[in-house]
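Trainee: What follows is the residue order along each chain.
Protein chains: 2
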Amino acid sequence: MSIRIGILGYGNLGRGIEVAVRDAEDMELVAVFTRRNPDSVKIRTGNVPVVSVQEIDEWKDKIDILVLCGGSATDLPEQTPKYATMFNVIDSFDTHARIPEHFAAVNEAANKSGHIAVISVGWDPGMFSVQRAYANAILPDGGDYTFWGKGVSQGHSDAIRRIKGVKDARQYTIPKEDALKKVREGSLPDLSTRDKHLRECYVVLEDGADAAAVENEIKTMPNYFADYDTIVHFISEEEMKRDHSGLAHGGFVIRTGKTGFDKEHNHVIEYSLKLDSNPEFTTSVLIAYARAAYRMKNEGQTGCKTVLDIPPAYLLTQSGEELRAHLL
Amino acid sequence: MSIRIGILGYGNLGRGIEVAVRDAEDMELVAVFTRRNPDSVKIRTGNVPVVSVQEIDEWKDKIDILVLCGGSATDLPEQTPKYATMFNVIDSFDTHARIPEHFAAVNEAANKSGHIAVISVGWDPGMFSVQRAYANAILPDGGDYTFWGKGVSQGHSDAIRRIKGVKDARQYTIPKEDALKKVREGSLPDLSTRDKHLRECYVVLEDGADAAAVENEIKTMPNYFADYDTIVHFISEEEMKRDHSGLAHGGFVIRTGKTGFDKEHNHVIEYSLKLDSNPEFTTSVLIAYARAAYRMKNEGQTGCKTVLDIPPAYLLTQSGEELRAHLL
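Protein chains in written order, with the working numbering: chain V, 1 to 328; chain S, 1 to 328.
Hints are supplied without guarantee of correctness; some may be wrong.
Note that the list lumps identical chains together, so a pair holds whenever it fits in one copy or between two copies.
Said to hold, decoys possible - Each computed EDC-like pair below joins lysine to aspartate or glutamate, with the alpha-carbon atoms no more than 16 Å apart:
1) Lys176 with Asp227
2) Lys82 with Glu215
3) Lys258 with Asp23
4) Lys182 with Glu264
5) Lys274 with Glu264
6) Lys42 with Glu55
7) Lys241 with Asp61
8) Lys219 with Asp178
9) Lys263 with Asp276
10) Lys274 with Glu239
Quick caveat, the hints were computed from the structure, so don't treat them as lab data. Remember, it's a predicted structure, so these values are computed and weren't measured experimentally.
The following block holds chain V by itself, in its conformation from the complex (with noise of 0.2 Å):
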């Protein structure tokens, strides 16, 4: 029997959880929820209705895992505690300051109503966060180093688009060469902001907007620019469309930490990321650990769980014996 699965949200998650659903062998997907007009949204599927939000209740005995696409400034610290008491929910919640309180929301909606919920499920946190544990247990005696990019902050390119004068504006984060080739020789380098990333920004200007003046606004911006080195390039509304519409995005994790008797051996982990499609591998993130979740609940198991709650051999279909086997 397939996995039963319900979308709710259908932005550029929502889209790739779709794709990803079509993919994976044992699953199905039952039916996208929106707060907008059901007959305003088309999705690729065939024979699968989109439904409004309002009706999401009816439906909770149809669906296995409901998987959260909304946003985590004001979406997910509403809807998972919410659904977390009609449906087994998993979600991307990303704001890693704010997890704690997230988590804390999300277990007590779903022990109460014995679901199970997974959260914070993606790259980062997620892929990134268990390369960190592993890392960080195998050599207590070392440092981490997270590096995001080459790729488009959404954050950054918002603060961006905000300033008076700038009609469209893409930031890339890039990590620097020379501060990943000074952690691999495992010195463990003390780098400031500054020394990890570089931002690089393409702006398309309003008609008549003063460039120097945007150019200093954007480099001078506390929390945001003022403490990297950034580029600013003023391009036409036809060069961003044509050059910077994509979602590439990647990063990496190292960690480097010595062994030995009188700490003489140095040991190098690293683990990098090269995506074309950021939200596409987030939500193929998302389908595997959606594929946990269901195995969990059909355990007995209940609560809010993460990714470092969660055995890698609950993300696959294939049975212990044949990963021995196989992939072991």
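Model the placement of chain S on the given structure of chain V, informed by the hints.
Mentor: Just chain S now, kept in the frame of chain V:
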């Protein structure tokens, strides 16, 4: 209370475990067991007894986890099932093809006696298996590639040493840069054995041995060298000792795969290790999984487990709350 660790076998792995336990805040070494005369074995930790393996059953209630540091060829197939009847055990059994039968024997013994056993812990099998599992789960439509090296292969070095006229030998397995490059491009290349790795051999000859004959015998040896590009260097005993005593190793696990409605997006997941000491890294992994074994045992779990069955959080000393706040 500390986790009480016992070591069986005091070679490279046993010594590595000793150091890793010293560096683990939640563990203490309580005894080292040996098949040799205990008086002949000097360990580096003060006030810890070296005990004949004949007397190991007297230690049943004094040890939480017994770490088996024998070899995979003949020691572990016998030792792990045997000692799983008396102790919670962990081993680094690394003969991939025989894992299913090893698992079956250990699982039966551990279940019968009510102990936990964790097998095949290290880096391959071990951390590389974990990486293959995650990457396969996330990118089902793709392929993965494992490369080993640069590092000494014990089996291949031994094979050269068995050739008549060879006094000593060291064989390095080296991944080919060109193959790594092709794999990272995401084209899922079809790579032969020869395409992936190079074998570089350093050989000390006996007096009067025929170098050309030895070189030919190495290069044409079935299974070990015939299918590879093999380079042979003849060196002196002094050079061998000076330049080839290290235990460095490493490798790469790379999976590339496609997502998207039309499979238009490519993704690269890469995990790499660069290790100054192969045995010390292996023992660092073993000690992290010994911590997990202790926790599983306290939860009442029994039977045989592998790295694929164990959540990352179990490897760490921190609470779930601390991990969510600082590492997730």
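Trainee: Each of the hints needs a verdict: does it hold here or not?
Mentor: Outcome of the hint check:
1. With identical chains, the CA atoms of lysine 176 and aspartate 227 are at most 16 Å apart within one copy only, with a shortest distance of 14 Å there and 41 Å across copies.
2. Within a single copy, lysine 82 and glutamate 215 get their C-alpha atoms no closer than 43 Å, and across copies no closer than 71 Å, so neither meets the 16 Å cut-off.
3. With identical chains, the CA atoms of lysine 258 and aspartate 23 are at most 16 Å apart between copies only, with a shortest distance of 11 Å across copies and 42 Å within one.
4. For a Cα distance limit of 16 Å, the shortest separation of lysine 182 from glutamate 264 qualifies neither inside one copy, at 19 Å, nor across copies, at 35 Å.
5. Taking the closest pair of Cα atoms, lysine 274 and glutamate 264 come within 16 Å of each other only across two copies (14 Å); inside a single copy the shortest separation is 33 Å, beyond that limit.
6. For the homomeric pair lysine 42 and glutamate 55, neither the shortest alpha-carbon distance inside one copy (18 Å) nor that between copies (73 Å) is at most 16 Å.
7. For the homomeric pair lysine 241 and aspartate 61, neither the shortest alpha-carbon distance inside one copy (44 Å) nor that between copies (70 Å) is at most 16 Å.
8. In the homo-oligomer, the alpha carbons of lysine 219 and aspartate 178 never lie at most 16 Å apart, since the shortest distance is 22 Å inside one protomer and 41 Å across protomers.
9. In this homomeric assembly, lysine 263 and aspartate 276 come within 16 Å of each other (Cα to Cα) only across copies, at 11 Å, whereas the closest approach inside a single copy is 40 Å.
10. Neither within a single protomer nor between protomers do lysine 274 and glutamate 239 lie at most 16 Å apart by alpha-carbon distance, with minima of 24 Å and 42 Å respectively.
Hints 2, 4, 6, 7, 8, 10 from the list above are not met by this structure, while the remaining hints are.
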